[in-house]
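Participant: Now for the letters of each chain:
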Amino acid sequence: MTAYNSTMILAILPEILLLVLGVLVLLFDVVWKGEKRRALGWLTAGGTALISIVTLLIGRPGEPQSVFGGMLRFDWLGFAFKQIFLLGAIATALFMMDIEKLSRRGQAYALLLTATLGMSLMASAADLVMLYLAIETTSIPLYVLAGFLLDDDRSAEAGFKYLLFGAMTSAVLLYGFSLLYGFTGTTSLTSFVGSLPLALGLVFLIVVGLGFKISAVPFHFWAPDTYEGSPTPVAGFLSTASKAAGFAVLLRLFLTAFPQFVEQWAAVLAVLATVTMTVGNLLALAQKNIKRLLAYSSIAHAGYILIGVVAASKLGVASVIFYLIAYLLTNLAAFGIAAAFGRAAGSDEIASYAGLSRRSPGLAFAMLVAFLSLAGMPPFGGFIAKVLVFTAAVETGWVWLAVVGVVNSIIGLYYYLTVLKVVYLYRMEGENEEQYPIPLTRPYALALTTLSIAILVIGVLFAPWFDSASLAALNLF
Amino acid sequence: MLLEYIAIGVLLFLATAVAAIAIFLGELFGPKRKSDKKAQPYESGMLPIGPGTRRMPVRFYLIAVLFILFDIEIVFFLPWAVVFRQLGLFGLIEMIIFIGILLVGYIYAWKKGALEWE
Amino acid sequence: MIPLSWYLVLSALLFSIGLFGVLARRNAVAILLGIELMLNAVNINLASFWRYGNPAQMGGQVFAIVVFAVAAAEVAVGLALIISIYRRRKTVLAEEIDLMKW
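Protein chains in written order, with this note's numbering: chain L, 1 to 477; chain R, 1001 to 1118; chain A, 2001 to 2102.
Bear in mind the hints are in silico, worked out from the structure with no lab data behind them. It is possible that part of the hints are untrue.
[Claimed, not checked] Each pair of labels, with its calculated beta carbon distance range:
| hint | chain 1 | residue 1 | chain 2 | residue 2 | range |
| --- | --- | --- | --- | --- | --- |
| 1 | A | F2068 | L | K421 | 48 to 58 Å |
| 2 | A | R2087 | R | A1019 | 11 to 21 Å |
| 3 | L | V268 | R | I1063 | 16 to 26 Å |
| 4 | L | A463 | A | R2051 | 49 to 59 Å |
What you are looking at is a predicted structure, and each value in this text was computed from that prediction instead of being measured. Think of the CB as a built atom: it goes at the ideal place given N, C-alpha and C, for glycine as much as any other residue.
Input sequences plus hints: build the corresponding full structure.
Facilitator: Shown next as structure tokens:
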């Protein structure tokens, strides 16, 4: 049994390096004392950036192939998603650096890296055992991170709710996996053989588990509470990278295991997408807290992305990947702004954002970019992403779904603009705003500038990104 | 089909019967001298302090949680040990890495004072 | 031999009991117990599918081992969170842990 060659190492290169980095962070956490520990954030962010560069240079896949006895697929789809997760981890580590009680504790960074490792495995897992293990490797550190601020009742409650929902839905998902194993006779992801009702039953069980990860209605109840209570950078990570990982599994699982029942599961997902978009957008209208608003907005975005999955075509998958890249950049920026503001102003209420354009013009401008991109306005990344997703739907005959999506985008525009109105037009009552500046520390400035530029770049020069996404999408067909 | 289980049934019956008869005979012929001390629950020869249902300090849970986490890893050692020879050097290196990662976690828990009682 | 369907029915019952426990119990520890029942139902499924399918392929057994290792980790995190909430709020009732509502 000489089950070992260099391709295998290349296939899990990001995972190996993430693990090494996580161990290093833990060891330095024991060795370093006091103020020096802040450098752990730079170590995490810099190390992750280095991992991303190294894998881009030497870890690129060629022809898709199975490694580790079929446990993992080494292909462009997994590779693209891994880069998305690494990017999310870098930004989150930078945002975590100046959150009190989070920044000087090595566990937080180690947990972040472990979750990223799990997501990377989720993106390339081609076996039910591996898939389940990867999902839990992602979820368990995130439960802890959401409840990390034990002194803060809200954070502990956020972690608790996330854990209960997560554990329950993953048990349901696992039950589906066990039946899938029983009916196909193997744990590797192969085409499911069986009757339609059976397949639909399995699809439902799997949708429960993955619906939780992507926070689709009606499995979204945890999202607003968890986002509000958990530390803001963690909420940003949950709403972007964790969601992207859920979509990576959704795409690979459904297109590999149930290709012959595509019409049926696409119909199920179409209903899910409609409900998710509509409920997310309507509930977002009523929110007063910026983190809850972003939570409902992230639910709505899960609905838009599902449209691309429903299309189940090459363009559909490519549009999902492109949407996830644009959404990751945008939403990380949005949560980063909320973290920077909440830290300085001590409030997450939307009303307290009044006068922000005078208190910190830079932060307000970043907010303008992020929120307009979330709303899907040109020339930002969010616009191209929405166009691609809707095009994919129309191309495969889901015209009504695209119409629902467009109507929902218009509803969404309203609440994003309301926030921007508070930021730019409202003033702090009877105060001179310039006396209350919002200081931006270096990690925030670095991350927010980079993200804002990236949002613009991906919106204007979208062709190379879309080509990469299309290349990754080809691996599923 | 059920006949396959008859041996187990007989064994169950005999085992129960032997135990029951032994207890019954002891009860029937043994001398009985009751006292308060004897009626007390047995605690390794120590005198019991207070009722047994009081709340445990939370530290016990901490130790228990750590124990479960490090204990469950044994489950991966057993199948590995069964095919150890077939796996060869690669299997050995894999297991050393696995234990190494666990060790880092252990050292971390230790240095952070999770194993301190007070 | 006992037919496979008996095991599957047992597993489905256990799963339903667990799910009921998760949805209906108020005590957070009892909810965790319910989740454990659901995971054990899965393990029964896996073991019986393995035994009645192709016992030479160890996939099902390996899957079951992974499931209970993961379940231990999940429960450790869950209990730790519940203990920390209990220390601050002196309650383990899920409905009283409700600072945030939509």
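Participant: Compare the structure with each hint and give your call.
Facilitator: Hints and how they fare:
Take A/F2068 and L/K421: their Cβ atoms lie about 53 Å apart, and the range 48 to 58 Å holds. The hint said 11 to 21 Å for the Cβ distance between A/R2087 and R/A1019, and at roughly 45 Å that hint is violated. Evaluation of the 16 to 26 Å hint for L/V268 and R/I1063 yields a failure: the beta carbon distance comes to about 47 Å. A hinted range of 49 to 59 Å for the beta carbons of L/A463 and A/R2051 is consistent with their spacing of about 54 Å.
Hint compliance for this structure: hints 2 and 3 are not met, and every other hint is.
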